[in-house]
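K.L.:
Take the two lone chains and join them into the complex the hints point to.
Residue numbers (our numbering), protein chains in the order written: chain G, 22 to 132; chain F, 5 to 116.
Hint data in this document are derived by calculation from the structure and do not stem from the laboratory. A couple of the hints might just be wrong.
Computed list of lysine to any residue pairs in SDA-like fashion (alpha-carbon distance at most 20 Å, straight line) [said to hold, decoys possible]:
#1 G:62 with F:92
#2 G:78 with G:38
#3 F:61 with F:99
#4 G:24 with F:26
#5 G:62 with F:41
#6 G:24 with F:5
#7 G:62 with F:9
#8 G:24 with F:112
#9 G:61 with G:23
#10 G:77 with F:67
#11 G:62 with F:61
#12 G:62 with F:26
#13 G:62 with F:48
#14 G:58 with F:112
#15 G:24 with F:99
#16 G:58 with F:75
#17 G:129 with F:43
#18 F:13 with F:90
#19 G:62 with F:90
#20 G:62 with F:104
#21 F:13 with G:60
#22 F:61 with G:101
#23 G:61 with F:5
#24 F:61 with G:38
#25 F:61 with G:59
#26 G:61 with F:41
#27 G:61 with F:61
#28 G:129 with G:81
#29 G:61 with F:44
#30 F:13 with G:59
#31 F:61 with G:23
#32 G:58 with F:104
#33 G:61 with F:60
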Amino acid sequence: EDKVVQSPLSLVVHEGDTVTLNCSYEVTNFRSLLWYKQEKKAPTFLFMLTSSGIEKKSGRLSSILDKKELFSILNITATQTGDSAIYLCAASNSGTYKYIFGTGTRLKVLA
Amino acid sequence: DSGVTQTPKHLITATGQRVTLRCSPRSGDLSVYWYQQSLDQGLQFLIQYYNGEERAKGNILERFSAQQFPDLHSELNLSSLELGDSALYFCASSVGQGETQYFGPGTRLLVL
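Only chain F is shown next, with the shape it has when bound in the complex (with noise of 0.2 Å):
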């Protein structure tokens, strides 16, 4: 158990709709992390926060939106889903920047 808990661990909904992922830091953590992990794309790294601000972009589409809160839990928004945004989501956590992430047990999601 790494510390990092992430809810819900699975989701099933219908393309066009929004969901909301959240993930909880390991203690004392001040960056999350949000990756995608899909069988054909291996993972990819979204973006991420450091106590509350957004401090890196990766491969984050538009229609997806994330947001670090006061007590440094973070959720992940992604809206209009399509059948390719199936995929298991990764949430990490690190002390600072560049530190050793440790990873939440992921949200699969799964966009019929």
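Excised from the complex, chain G in its bound form (with noise of 0.2 Å):
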């Protein structure tokens, strides 16, 4: 059965401190990995990864996938309040066209 999981599940961080949050996978035939940002409602999207090794990033997030060892990771660094949010993986299968989410990592940024 397809799976993915993430850890941490819940993390609490003063501004300014770097994080990183991981994302494992058990997908058959994998095509690609998603992050999404959910505040307070709908996921909103950060990054989808296809190719192992590639980093992607935007501002202070960066994100990088390995297809050998099946897992992402997301970083965020010099952590702000508003980065307070569940984080959330998924993968896909290419052949269902499915996407599975993890049950997320809760971020909590401290002023």
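P.N.:
Printed below as a string of structure tokens:
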């Protein structure tokens, strides 16, 4: 059965800290891995990763995929209170086009 | 704003009832996905449509059904509602299949 596991479940840091969120996956016919940020309501798209070893970057956020070890990390540097959210990771199956989501990592950044 | 719209925003109904949730995808997107998010289950994929046809099915109950219309909007029908169906229901859309999904604001359903 396809599954996505995220760790840690929850994280509390102070502003300015750097955090690393982990996502491991077991998906048949893996196609891509996506990261989303969910604040109060709908998840908002952060990154889509399809190739191993290529870092994607957007401001203070960056992410990389390792298709050999079946995991991805999301890094946030110089965290701000506005980064407080649930970060979701999802992996897609190219055969079924289904997206399997992890349960998320809840990040809280304290001022 | 992702460009995906969902109505209604909130819905309160009683057990045994039937409701319809509506989703309009982003302009140009052909795929629509439905998800259920509850506190204890996380985000669960329900069903996907592509250009009017069902393409993938997830953990969707038999009491639930969906369709995508020729104008590409989609409806999720939930019947014989139970307390456990209370959740946030998201619709997402993408240009094709397996592409980046953009989520709507969700419909919060409360079954009393």
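K.L.:
For every hint, state whether the structure bears it out.
P.N.:
Evaluation of the provided hints:
1. Distance hint between residue 62 of chain G and residue 92 of chain F is fulfilled; the C-alpha atoms sit about 9 Å from each other, no more than 20 Å.
2. A threshold of 20 Å between alpha carbons decides the hint, and for residue 78 of chain G with residue 38 of chain G the separation of about 18 Å falls inside it, so the pair holds.
3. Our distance criterion of 20 Å between C-alpha atoms is met by residue 61 of chain F and residue 99 of chain F, whose separation comes to about 18 Å.
4. At roughly 29 Å between alpha-carbon atoms, residue 24 of chain G and residue 26 of chain F are farther apart than 20 Å, so this suggested pair is violated.
5. Of the pairs offered as hints, the one joining residue 62 of chain G and residue 41 of chain F holds, with about 11 Å between alpha carbons and a cut-off of 20 Å not exceeded.
6. Among the hinted pairs, residue 24 of chain G with residue 5 of chain F is inconsistent with the structure: their alpha-carbon atoms are about 29 Å apart, more than 20 Å.
7. For the hint pairing residue 62 of chain G with residue 9 of chain F, the CA-to-CA distance comes to about 13 Å; that is within 20 Å, so the pair holds.
8. For the given pair, residue 24 of chain G sits about 26 Å from residue 112 of chain F by alpha-carbon distance, which is inconsistent with the 20 Å threshold.
9. Straight-line distance between C-alpha atoms of residue 61 of chain G and residue 23 of chain G comes to about 28 Å, which puts the hinted pair past the 20 Å bound.
10. For the given pair, residue 77 of chain G sits about 41 Å from residue 67 of chain F by alpha-carbon distance, which is inconsistent with the 20 Å threshold.
11. For the hint linking residue 62 of chain G to residue 61 of chain F, the alpha-carbon distance of about 24 Å lies beyond 20 Å, and the restraint is violated.
12. Between the alpha carbons of residue 62 of chain G and residue 26 of chain F the distance comes to roughly 17 Å, so the proposed pair stays at or under 20 Å and holds.
13. Among the hinted pairs, residue 62 of chain G with residue 48 of chain F is consistent with the structure: their alpha-carbon atoms are about 15 Å apart, no more than 20 Å.
14. Between the alpha carbons of residue 58 of chain G and residue 112 of chain F the distance comes to roughly 19 Å, so the proposed pair stays at or under 20 Å and holds.
15. With a CA separation close to 25 Å, the supplied pair residue 24 of chain G and residue 99 of chain F exceeds the 20 Å bound.
16. With a C-alpha separation of about 29 Å, the suggested pair residue 58 of chain G and residue 75 of chain F falls outside the 20 Å cut-off, and the hint is violated.
17. With a C-alpha separation of about 18 Å, the suggested pairing of residue 129 of chain G with residue 43 of chain F holds against the 20 Å cut-off.
18. About 14 Å separates the Cα atoms of residue 13 of chain F and residue 90 of chain F, which keeps this hinted pair within 20 Å; it holds.
19. Simply put, residue 62 of chain G and residue 90 of chain F have alpha-carbon atoms about 16 Å apart, close enough for the 20 Å limit, and the pair holds.
20. Distance hint between residue 62 of chain G and residue 104 of chain F is fulfilled; the C-alpha atoms sit about 18 Å from each other, no more than 20 Å.
21. At roughly 17 Å between alpha-carbon atoms, residue 13 of chain F and residue 60 of chain G fall within 20 Å of each other, so this suggested pair holds.
22. Restraint check for residue 61 of chain F and residue 101 of chain G: not satisfied, since their Cα atoms lie roughly 38 Å apart, outside the 20 Å limit.
23. Taking the CA atoms of residue 61 of chain G and residue 5 of chain F, the gap is about 13 Å. The hint holds against a cut of 20 Å.
24. With a C-alpha separation of about 41 Å, the suggested pair residue 61 of chain F and residue 38 of chain G falls outside the 20 Å cut-off, and the hint is violated.
25. At roughly 24 Å between alpha-carbon atoms, residue 61 of chain F and residue 59 of chain G are farther apart than 20 Å, so this suggested pair is violated.
26. Restraint check for residue 61 of chain G and residue 41 of chain F: the C-alpha separation of about 13 Å stays at or below 20 Å, so the hint holds.
27. Annotation: proposed proximity of residue 61 of chain G to residue 61 of chain F is violated, straight-line Cα distance about 27 Å (limit 20 Å).
28. Distance hint between residue 129 of chain G and residue 81 of chain G is fulfilled; the C-alpha atoms sit about 16 Å from each other, no more than 20 Å.
29. A distance of roughly 17 Å separates the Cα atoms of residue 61 of chain G and residue 44 of chain F; the hinted pair therefore holds under the 20 Å criterion.
30. In summary, the hint linking residue 13 of chain F to residue 59 of chain G is supported, as the alpha carbons are separated by about 17 Å, within the 20 Å threshold.
31. Distance restraint check for residue 61 of chain F and residue 23 of chain G: the Cα-Cα separation of roughly 14 Å lies within the 20 Å cut-off, and the hinted pair is therefore satisfied.
32. In summary, the hint linking residue 58 of chain G to residue 104 of chain F is supported, as the alpha carbons are separated by about 14 Å, within the 20 Å threshold.
33. With a CA separation close to 28 Å, the supplied pair residue 61 of chain G and residue 60 of chain F exceeds the 20 Å bound.
Going down the numbered hints, you'll see the structure goes against 4, 6, 8, 9, 10, 11, 15, 16, 22, 24, 25, 27, 33, while the others check out.
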